[in-house]
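Below are the chains, spelled out letter by letter.
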Amino acid sequence: MNLKTSTRQIDGVTIVDCSGRITLGEGSVVMRDVVKDLLSKGQKKILLNLGDVNYIDSSGIGELVAAFTTVRNQGGELKLLNLTKKVHDLLQITKLYTVFDVKDDETSAVKAFR
Amino acid sequence: MSGDRFSCKLDSTLETVDSAEQTASRIASESGFDEDEVMQIAMAVREAAVNAVLHGNAYDPEKKIELEFERTEDDLVITIRDQGKGLDPANIPDPLSPENLLKTSGRGIFLIRSFMDDVQINPSQTGTEIKLFKHVHGTAEGGKEASQ
Chain A
-6 MNLKTSTRQI
4 DGVTIVDCSG
14 RITLGEGSVV
24 MRDVVKDLLS
34 KGQKKILLNL
44 GDVNYIDSSG
54 IGELVAAFTT
64 VRNQGGELKL
74 LNLTKKVHDL
84 LQITKLYTVF
94 DVKDDETSAV
104 KAFR
Chain B
6 MSGDRFSCKL
16 DSTLETVDSA
26 EQTASRIASE
36 SGFDEDEVMQ
46 IAMAVREAAV
56 NAVLHGNAYD
66 PEKKIELEFE
76 RTEDDLVITI
86 RDQGKGLDPA
96 NIPDPLSPEN
106 LLKTSGRGIF
116 LIRSFMDDVQ
126 INPSQTGTEI
136 KLFKHVHGTA
146 EGGKEASQ
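Chains A and B, in that order, give the protein sequences. Residue numbering for the first sequence follows my numbering, beginning at -6 and increasing consecutively. Residue numbering for the second sequence follows my numbering, beginning at 6 and increasing consecutively.
Same shape as in the complex, but just chain A (with noise of 0.2 Å):
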C-alpha cells in the first residue's frame, strides 16, 4: 500500500499521521510534498507519526533526513512518533536513531516543541 497521510493540530503543532510504505516512487513523493505544503502554510512544528507507516526502503529514509534537514534549515522542528520495530531497526542500523527526536508518546511529543 502506498503512503497515505492525513494532518491535525494540537498546540500549534502540526500532526502527520502516516500509513502504509514510504518507498522509492510515490511513497518518497507523498512525504516530500505533505511536507512542502506544510513548511509554504507557515507551518514548522512537525511531528511525523509513522505508527503505521509498515515498510521503508533507502529512498524512504533519504526522504525522512531530507524533511528533517529542510524543516531545520527554515527554523522549524520535526520529530518522529510510533515508529514499528521494522522502522525503528532501520534507523538503528543507519545510526539516524540519534539524530531525529524520535517519541513515543503523542502528548508528551507535542510539549517536547519549543
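Keep in mind that the hints were calculated from the coordinates and are not lab data. Errors might be hidden in some of the hints.
What the hints assert, rightly or not - With a Cα cut of at most 20 Å, we get these calculated SDA-like pairs of lysine to any residue:
1) B/LYS136 with B/ASP79
2) B/LYS14 with B/SER30
3) A/LYS88 with B/ASN105
4) B/LYS69 with B/LYS136
5) B/LYS108 with A/VAL58
6) B/LYS108 with A/TYR90
7) A/LYS88 with B/LEU107
8) A/LYS79 with B/MET44
9) B/LYS108 with A/THR63
10) A/LYS88 with B/LEU101
11) A/LYS79 with B/ASP79
Following the hints, complete the assembly by docking chain B onto the known chain A.
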C-alpha cells in the same frame, strides 16, 4: 521456484523494483526463512533492483534487468544484473560516517550488506552483477513452480 533455480528478465522501471521485491519475498518464504529473514532478503533485493534500474540502467527502456534465484545446499543465492556502466564498489561512500549521515541517498548497498550473509559486487564494462547470499537453515518447499 522450478527445481532449484528461477530467473527472469525485467524492464528498467519502478514496477520491476516492486516485482523483484515480491518475488524475493515469495521465494524466501518457500525456502524456509523466518518472517524477519524474508523481510531482510526482500529488502536487499529491492535495494539491488533500485540500484540496477536507477543507477545502472538509468530507466533506459532498451536495457534490461536480470534477476536470478538459486537454492544451493547452503544458501539462497540471488543475482541481479544490469546493463549500465558498472558500479565501482571502492567508490561507495560509508553512509555511517558523520559527513554522510544526513545525506538523502547512498544507503542501499549498506542495507544490502547489513541484511545478507555475503554480498559480491562484480562490475564490468557491460554492467554490474550483484550476488546476494543468505545461509539456509529451514526446510524448503522444493519443487514449487514460480509464477513470474
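Failing hints, ascending? 11
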